[in-house]
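Top line first, the protein sequences correspond to chains A and B. 3 is the number of the first residue of the first sequence in this note's numbering; add one for each residue after it. 36 is the number of the first residue of the second sequence in this note's numbering; add one for each residue after it.
Hints are computed from structural coordinates only; laboratory data are not their basis. Wrong hints could be hidden among the right ones.
Covered, in the sense of this in silico footprint (three residues per stretch, anywhere, with C-beta under 8 Å from a C-beta of chain B), are these stretches of chain A [said to hold, decoys possible]:
# : stretch
1 : 8–18
2 : 21–30
3 : 36–50
Even glycine gets a Cβ: it sits at the ideal position worked out from N, Cα and C.
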Amino acid sequence: MEATNHMAFIVAAYAAAVAVVGSLTAWVMLDYRAQRRKLADLEMRGVTRRSAPMRRSEPTMEKEEA
Amino acid sequence: MAIADLANPSRFLRFANRTIPWLGGVTVVAFAFGINQAMVAPDDYQQGATVKIMFLHVPGALLGTLGWGVMTIAALGTLVWRHPLADVTAKAAAPIGAAFTLLCLVTGSLWGRPMWGTYWVWDARLTSVLILFLLYLGVIALWRTVEDPSRAARAAAILTLVGAIDLPIIKFSVDWWNTLHQPASVFRFGAPTIDPSILIPLFIMTVAFTLAFATLLLAAMRNEILRRRVRTLRLMQASAAS
Numbered sequence: 003m004e005a006t007n008h009m010a011f012i013v014a015a016y017a018a019a020v021a022v023v024g025s026l027t028a029w030v031m032l033d034y035r036a037q038r039r040k041l042a043d044l045e046m047r048g049v050t051r052r053s054a055p056m057r058r059s060e061p062t063m064e065k066e067e068a
Numbered sequence: 036m037a038i039a040d041l042a043n044p045s046r047f048l049r050f051a052n053r054t055i056p057w058l059g060g061v062t063v064v065a066f067a068f069g070i071n072q073a074m075v076a077p078d079d080y081q082q083g084a085t086v087k088i089m090f091l092h093v094p095g096a097l098l099g100t101l102g103w104g105v106m107t108i109a110a111l112g113t114l115v116w117r118h119p120l121a122d123v124t125a126k127a128a129a130p131i132g133a134a135f136t137l138l139c140l141v142t143g144s145l146w147g148r149p150m151w152g153t154y155w156v157w158d159a160r161l162t163s164v165l166i167l168f169l170l171y172l173g174v175i176a177l178w179r180t181v182e183d184p185s186r187a188a189r190a191a192a193i194l195t196l197v198g199a200i201d202l203p204i205i206k207f208s209v210d211w212w213n214t215l216h217q218p219a220s221v222f223r224f225g226a227p228t229i230d231p232s233i234l235i236p237l238f239i240m241t242v243a244f245t246l247a248f249a250t251l252l253l254a255a256m257r258n259e260i261l262r263r264r265v266r267t268l269r270l271m272q273a274s275a276a277s
């Protein structure tokens, strides 16, 4: 069986893999930048994790702040 | 650093910041080596050159199910142990697992057309993997629907535990029912039935995809922790203003 017979399917599969892994990578990188920018913006406005008492509604992620 | 120390989000962030660049680098090297090996691998005596699609399809299938396995353990962590990073892990793993499951479905269809003569059949293996993909979409939708992260985590954890029933169905579907999809040839009792000339590139590509999964999961978890910090700061800001 010649490779050229099914080359279009093979190329399409590898293109799909590049698209999936590439999109995931771009998504996590852009999301990281966005969250860092939001945090920097809040800190620039004086809102820091020690600028106000902890809210009791979010205990799971705030244990670290003690 | 003990593994238990990573339960603390700040320590986890420091660990992630140090680990992600190295893991990403190793992933790129593993992919370069794996793709090279995949390209020089011989054609299969039955599948011909389309065996090269298997180097993507099998890791996609493995990581699609592994993703739900990670979420199932995280769901137990949320509901039973209330582990600080459990729901962060579950939320971060969902889109990554969904993407790998989609890759499995797409590459499987692209292999099926030349080999089976059709892109799709409602065979037990294919259908159970499609159900897994739909379950992923359901969990992602649930996370986006419920605003409070802790309530969303509990709801998503319950759906994840229910959805875990699909994992053994996927694995054993080819044994329980008469399917067009072939039975297990790699992850089976006894030795794999694949020739080493194809098994070795498949193994290297599976390692590369698994490294990519781990890197993306760590990065997505880091993003989720930062997102929750932003949310907390905004709530504090709103509370101080009122």
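Looking back at the numbered hints, which does the structure fail to meet, lowest number first?
none
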